Amino acid sequence: MTKEIQTLSVISESSFKPYIQTANSHPMLTAEEERVLAERLYYQGDLEAAKRLILSHLRFVTYIAKNYSGYGLPQSDLIQEGNIGLMKAVRRFNPEIGVRLVSFAVHWIKAEIHEYVLRNWRIVKIATTKAQRKLFFNLRKTKQRLGWFNQNEIELVARELGVTSKDVREMEFRMTAQDMTFDLVSDDETRDGSLVAPVIYLQDKSSDFAENIEEDNWESKAADKLIYALKILDKRSQHIIRARWLDNDKKSTLQTLATLYNVSAERVRQLEKNAMKKLKIAIEN
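In case it helps, our numbering puts the sequence shown at residues 1 to 285.
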(Lines of atoms letter the chains of each structure in order from A and count residues from 1; the text may use other names and numbers.)
(Lines give C-alpha, C1' and ligand atoms only; values in the text may rest on other atoms or scores of the structure.)
Protein backbone atom coordinates (compact mmCIF):
# COMPACT_ATOMS: atom_id res chain seq x y z
CA MET A 1 0.00 0.00 0.00
CA THR A 2 1.00 3.62 -0.34
CA LYS A 3 2.88 5.55 2.33
CA GLU A 4 -0.29 7.46 3.24
CA ILE A 5 -2.16 4.22 3.92
CA GLN A 6 0.70 2.89 6.04
CA THR A 7 0.76 6.13 8.05
CA LEU A 8 -2.99 6.01 8.70
CA SER A 9 -2.76 2.38 9.82
CA VAL A 10 -0.29 3.24 12.61
CA ILE A 11 -2.06 5.26 15.28
CA SER A 12 -0.61 6.59 18.52
CA GLU A 13 -2.57 7.97 21.46
CA SER A 14 -1.33 11.49 20.69
CA SER A 15 -2.50 11.30 17.08
CA PHE A 16 -5.81 9.60 17.83
CA LYS A 17 -8.11 12.63 17.51
CA PRO A 18 -6.44 13.93 14.34
CA TYR A 19 -6.74 10.42 12.92
CA ILE A 20 -10.50 10.31 13.58
CA GLN A 21 -10.89 13.68 11.87
CA THR A 22 -8.85 12.47 8.90
CA ALA A 23 -10.81 9.21 8.65
CA ASN A 24 -14.15 11.04 8.69
CA SER A 25 -12.97 13.57 6.12
CA HIS A 26 -12.81 11.00 3.32
CA PRO A 27 -16.18 10.83 1.52
CA MET A 28 -18.12 7.59 1.29
CA LEU A 29 -18.40 6.01 -2.14
CA THR A 30 -21.54 5.34 -4.11
CA ALA A 31 -22.19 1.76 -5.22
CA GLU A 32 -21.10 2.61 -8.77
CA GLU A 33 -17.92 4.40 -7.67
CA GLU A 34 -17.03 1.47 -5.43
CA ARG A 35 -17.59 -1.04 -8.23
CA VAL A 36 -15.41 0.87 -10.69
CA LEU A 37 -12.57 1.14 -8.15
CA ALA A 38 -12.90 -2.51 -7.14
CA GLU A 39 -12.70 -3.62 -10.78
CA ARG A 40 -9.62 -1.48 -11.37
CA LEU A 41 -7.95 -3.09 -8.37
CA TYR A 42 -9.12 -6.66 -9.04
CA TYR A 43 -8.36 -6.79 -12.77
CA GLN A 44 -5.54 -4.25 -13.13
CA GLY A 45 -3.86 -4.20 -9.71
CA ASP A 46 -4.46 -0.44 -9.45
CA LEU A 47 -3.05 0.62 -6.05
CA GLU A 48 -4.57 4.08 -6.32
CA ALA A 49 -7.99 2.43 -6.49
CA ALA A 50 -7.11 0.34 -3.42
CA LYS A 51 -6.11 3.51 -1.59
CA ARG A 52 -9.46 5.17 -2.27
CA LEU A 53 -11.38 2.05 -1.22
CA ILE A 54 -9.48 1.88 2.07
CA LEU A 55 -9.69 5.58 2.90
CA SER A 56 -13.42 5.68 2.26
CA HIS A 57 -13.99 2.86 4.77
CA LEU A 58 -11.76 4.01 7.65
CA ARG A 59 -14.75 5.54 9.45
CA PHE A 60 -16.45 2.15 9.32
CA VAL A 61 -13.48 0.53 11.11
CA THR A 62 -13.68 3.22 13.81
CA TYR A 63 -17.38 2.45 14.29
CA ILE A 64 -16.75 -1.29 14.72
CA ALA A 65 -13.79 -0.73 17.08
CA LYS A 66 -16.00 1.28 19.46
CA ASN A 67 -17.94 -1.91 20.22
CA TYR A 68 -14.80 -3.39 21.80
CA SER A 69 -13.99 -0.46 24.08
CA GLY A 70 -15.07 -2.43 27.19
CA TYR A 71 -12.06 -4.74 27.09
CA GLY A 72 -9.71 -2.15 28.59
CA LEU A 73 -7.52 -1.94 25.49
CA PRO A 74 -6.49 1.30 23.77
CA GLN A 75 -9.03 2.40 21.18
CA SER A 76 -6.20 3.42 18.87
CA ASP A 77 -4.83 -0.15 18.90
CA LEU A 78 -8.26 -1.63 18.21
CA ILE A 79 -8.70 0.67 15.22
CA GLN A 80 -5.21 -0.11 13.99
CA GLU A 81 -5.93 -3.86 14.05
CA GLY A 82 -9.26 -3.26 12.34
CA ASN A 83 -7.46 -1.32 9.59
CA ILE A 84 -5.28 -4.36 8.96
CA GLY A 85 -8.43 -6.41 8.50
CA LEU A 86 -9.81 -3.78 6.13
CA MET A 87 -6.67 -3.89 4.00
CA LYS A 88 -6.88 -7.68 3.81
CA ALA A 89 -10.52 -7.45 2.77
CA VAL A 90 -9.81 -4.88 0.05
CA ARG A 91 -7.04 -7.07 -1.33
CA ARG A 92 -9.38 -10.09 -1.53
CA PHE A 93 -12.57 -8.31 -2.62
CA ASN A 94 -14.09 -9.62 -5.85
CA PRO A 95 -16.45 -7.05 -7.42
CA GLU A 96 -18.30 -9.84 -9.22
CA ILE A 97 -19.76 -11.36 -6.05
CA GLY A 98 -22.47 -8.70 -6.01
CA VAL A 99 -22.13 -7.27 -2.48
CA ARG A 100 -20.83 -4.00 -1.14
CA LEU A 101 -17.30 -3.92 0.21
CA VAL A 102 -18.52 -2.98 3.69
CA SER A 103 -20.50 -6.24 3.92
CA PHE A 104 -17.50 -8.25 2.80
CA ALA A 105 -14.96 -6.42 4.98
CA VAL A 106 -16.82 -6.65 8.30
CA HIS A 107 -15.68 -10.25 8.79
CA TRP A 108 -12.01 -9.40 8.21
CA ILE A 109 -12.14 -6.32 10.42
CA LYS A 110 -13.75 -8.14 13.35
CA ALA A 111 -11.42 -11.14 12.93
CA GLU A 112 -8.32 -8.97 13.37
CA ILE A 113 -9.80 -7.13 16.35
CA HIS A 114 -10.85 -10.42 17.96
CA GLU A 115 -7.35 -11.83 17.62
CA TYR A 116 -5.87 -8.67 19.16
CA VAL A 117 -8.30 -8.75 22.10
CA LEU A 118 -7.57 -12.41 22.81
CA ARG A 119 -3.81 -11.86 22.59
CA ASN A 120 -3.81 -8.91 24.97
CA TRP A 121 -6.72 -9.32 27.36
CA ARG A 122 -4.75 -11.81 29.43
CA ILE A 123 -1.06 -12.72 29.58
CA VAL A 124 -2.07 -16.39 29.19
CA LYS A 125 -4.36 -17.01 26.22
CA ILE A 126 -7.96 -17.17 27.36
CA ALA A 127 -9.24 -18.89 24.22
CA THR A 128 -7.25 -21.04 21.83
CA THR A 129 -9.81 -22.75 19.60
CA LYS A 130 -12.39 -21.26 17.25
CA ALA A 131 -15.23 -22.50 19.47
CA GLN A 132 -13.64 -20.95 22.57
CA ARG A 133 -13.17 -17.62 20.80
CA LYS A 134 -16.84 -17.53 19.82
CA LEU A 135 -17.88 -18.48 23.37
CA PHE A 136 -15.60 -15.80 24.88
CA PHE A 137 -17.19 -12.91 22.99
CA ASN A 138 -20.78 -14.17 23.29
CA LEU A 139 -20.38 -14.97 26.97
CA ARG A 140 -18.91 -11.56 27.76
CA LYS A 141 -21.92 -9.82 26.21
CA THR A 142 -24.26 -12.01 28.24
CA LYS A 143 -22.35 -11.38 31.50
CA GLN A 144 -22.62 -7.64 31.00
CA ARG A 145 -26.40 -8.13 31.00
CA LEU A 146 -26.74 -10.70 33.78
CA GLY A 147 -23.63 -10.33 35.95
CA TRP A 148 -22.54 -13.42 37.91
CA PHE A 149 -24.28 -16.66 36.85
CA ASN A 150 -26.16 -19.09 39.06
CA GLN A 151 -26.68 -22.68 37.91
CA ASN A 152 -29.96 -21.94 36.14
CA GLU A 153 -28.41 -19.03 34.27
CA ILE A 154 -25.42 -21.16 33.28
CA GLU A 155 -27.75 -23.75 31.76
CA LEU A 156 -29.75 -21.01 30.04
CA VAL A 157 -26.64 -19.42 28.55
CA ALA A 158 -25.37 -22.85 27.45
CA ARG A 159 -28.61 -23.48 25.55
CA GLU A 160 -28.56 -20.01 23.98
CA LEU A 161 -24.95 -20.37 22.79
CA GLY A 162 -25.17 -24.03 21.82
CA VAL A 163 -22.46 -25.26 24.23
CA THR A 164 -22.32 -27.35 27.40
CA SER A 165 -22.68 -26.01 30.93
CA LYS A 166 -19.12 -27.16 31.60
CA ASP A 167 -17.86 -24.98 28.74
CA VAL A 168 -19.69 -21.96 30.16
CA ARG A 169 -18.33 -22.49 33.70
CA GLU A 170 -14.78 -22.97 32.44
CA MET A 171 -14.86 -19.86 30.25
CA GLU A 172 -16.44 -17.79 33.04
CA PHE A 173 -13.59 -18.86 35.34
CA ARG A 174 -10.98 -17.91 32.73
CA MET A 175 -12.59 -14.52 32.20
CA THR A 176 -12.76 -13.66 35.90
CA ALA A 177 -9.32 -15.01 36.86
CA GLN A 178 -6.64 -12.39 37.37
CA ASP A 179 -3.14 -12.58 35.96
CA MET A 180 -0.52 -13.42 38.57
CA THR A 181 3.06 -12.29 38.39
CA PHE A 182 5.45 -15.14 37.66
CA ASP A 183 8.44 -13.62 39.43
CA LEU A 184 8.70 -12.23 42.94
CA VAL A 185 7.61 -8.61 43.12
CA SER A 186 9.77 -7.99 46.18
CA ASP A 187 11.63 -9.86 48.90
CA ASP A 188 8.69 -9.58 51.28
CA GLU A 189 6.94 -12.72 52.44
CA THR A 190 3.23 -13.34 52.87
CA ARG A 191 1.56 -13.13 56.27
CA ASP A 192 1.99 -16.83 57.00
CA GLY A 193 5.66 -16.69 56.04
CA SER A 194 5.31 -18.59 52.75
CA LEU A 195 6.37 -17.35 49.34
CA VAL A 196 3.80 -17.74 46.59
CA ALA A 197 5.47 -16.68 43.34
CA PRO A 198 5.26 -19.56 40.81
CA VAL A 199 8.90 -19.10 39.86
CA ILE A 200 9.90 -20.56 43.23
CA TYR A 201 8.26 -23.91 42.58
CA LEU A 202 9.39 -24.54 39.00
CA GLN A 203 12.55 -26.49 38.25
CA ASP A 204 14.50 -25.90 35.07
CA LYS A 205 15.09 -29.52 34.07
CA SER A 206 16.56 -28.50 30.73
CA SER A 207 19.62 -26.93 32.38
CA ASP A 208 22.65 -28.97 33.53
CA PHE A 209 25.35 -26.79 35.07
CA ALA A 210 28.11 -29.39 34.72
CA GLU A 211 27.12 -30.11 31.14
CA ASN A 212 27.16 -26.38 30.32
CA ILE A 213 30.68 -26.00 31.74
CA GLU A 214 31.87 -29.02 29.77
CA GLU A 215 30.30 -27.66 26.60
CA ASP A 216 31.92 -24.24 27.09
CA ASN A 217 35.31 -25.89 27.64
CA TRP A 218 34.89 -28.01 24.52
CA GLU A 219 33.95 -24.98 22.41
CA SER A 220 36.96 -23.08 23.75
CA LYS A 221 39.35 -25.95 22.96
CA ALA A 222 37.78 -26.45 19.54
CA ALA A 223 38.29 -22.77 18.73
CA ASP A 224 41.94 -22.97 19.85
CA LYS A 225 42.50 -26.05 17.68
CA LEU A 226 40.93 -24.33 14.68
CA ILE A 227 43.16 -21.27 15.09
CA TYR A 228 46.21 -23.51 15.32
CA ALA A 229 45.12 -25.60 12.32
CA LEU A 230 44.61 -22.53 10.14
CA LYS A 231 48.23 -21.52 10.73
CA ILE A 232 49.51 -24.62 8.93
CA LEU A 233 47.77 -23.57 5.71
CA ASP A 234 49.29 -21.23 3.15
CA LYS A 235 47.89 -17.69 3.04
CA ARG A 236 45.70 -18.32 -0.02
CA SER A 237 44.13 -21.42 1.52
CA GLN A 238 43.59 -19.57 4.80
CA HIS A 239 41.79 -16.78 2.99
CA ILE A 240 39.61 -19.21 1.03
CA ILE A 241 38.53 -21.04 4.21
CA ARG A 242 37.83 -17.78 6.03
CA ALA A 243 35.93 -16.28 3.10
CA ARG A 244 33.90 -19.44 2.47
CA TRP A 245 33.19 -20.58 6.04
CA LEU A 246 34.29 -18.24 8.82
CA ASP A 247 33.34 -14.68 7.81
CA ASN A 248 30.32 -13.32 9.68
CA ASP A 249 29.29 -11.28 6.67
CA LYS A 250 28.09 -12.70 3.38
CA LYS A 251 30.10 -15.78 2.38
CA SER A 252 32.19 -15.50 -0.77
CA THR A 253 31.30 -17.62 -3.80
CA LEU A 254 33.74 -19.82 -5.66
CA GLN A 255 33.52 -17.49 -8.66
CA THR A 256 34.34 -14.43 -6.54
CA LEU A 257 37.49 -16.07 -5.22
CA ALA A 258 38.37 -17.40 -8.67
CA THR A 259 38.28 -13.86 -10.04
CA LEU A 260 40.38 -12.62 -7.11
CA TYR A 261 43.14 -15.21 -7.64
CA ASN A 262 42.82 -15.35 -11.43
CA VAL A 263 42.08 -19.07 -11.49
CA SER A 264 39.04 -21.17 -12.35
CA ALA A 265 36.19 -21.77 -9.90
CA GLU A 266 37.01 -25.49 -10.05
CA ARG A 267 40.56 -24.75 -8.92
CA VAL A 268 39.23 -22.77 -5.95
CA ARG A 269 36.98 -25.71 -5.07
CA GLN A 270 39.97 -28.06 -5.13
CA LEU A 271 42.01 -25.72 -2.92
CA GLU A 272 39.10 -25.49 -0.50
CA LYS A 273 38.69 -29.28 -0.40
CA ASN A 274 42.41 -29.86 0.24
CA ALA A 275 42.47 -27.19 2.95
CA MET A 276 39.49 -28.74 4.69
CA LYS A 277 41.24 -32.14 4.74
CA LYS A 278 44.34 -30.60 6.32
CA LEU A 279 42.22 -28.80 8.91
CA LYS A 280 40.38 -31.97 9.84
CA ILE A 281 43.63 -33.88 10.37
CA ALA A 282 45.16 -31.05 12.42
CA ILE A 283 42.10 -30.69 14.66
CA GLU A 284 41.73 -34.43 15.30
CA ASN A 285 45.40 -34.85 16.29
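Read the hints as simulated data drawn from the structure, not as lab findings.
None of the values given here were measured: they were computed from a predicted structure.
Fair warning: there could be bad hints in the mix.
What the hints assert, rightly or not - Distance condition first, Cα-Cα at most 30 Å in a straight line; then the derived DSSO-like pairs of lysine-lysine:
| no. | residue 1 | residue 2 |
| --- | --- | --- |
| 1 | K88 | K66 |
| 2 | K221 | K231 |
| 3 | K166 | K225 |
Consistency of the hints with the structure:
Restraint check for K88 and K66: the C-alpha separation of about 20 Å stays at or below 30 Å, so the hint holds. Between K221 and K231, the direct Cα distance comes to roughly 16 Å. Compliance with the 30 Å bound is thereby established for this hinted pair. Proximity of K166 to K225 is assessed by CA-CA distance (about 63 Å); at most 30 Å being required, the pair is judged violated.
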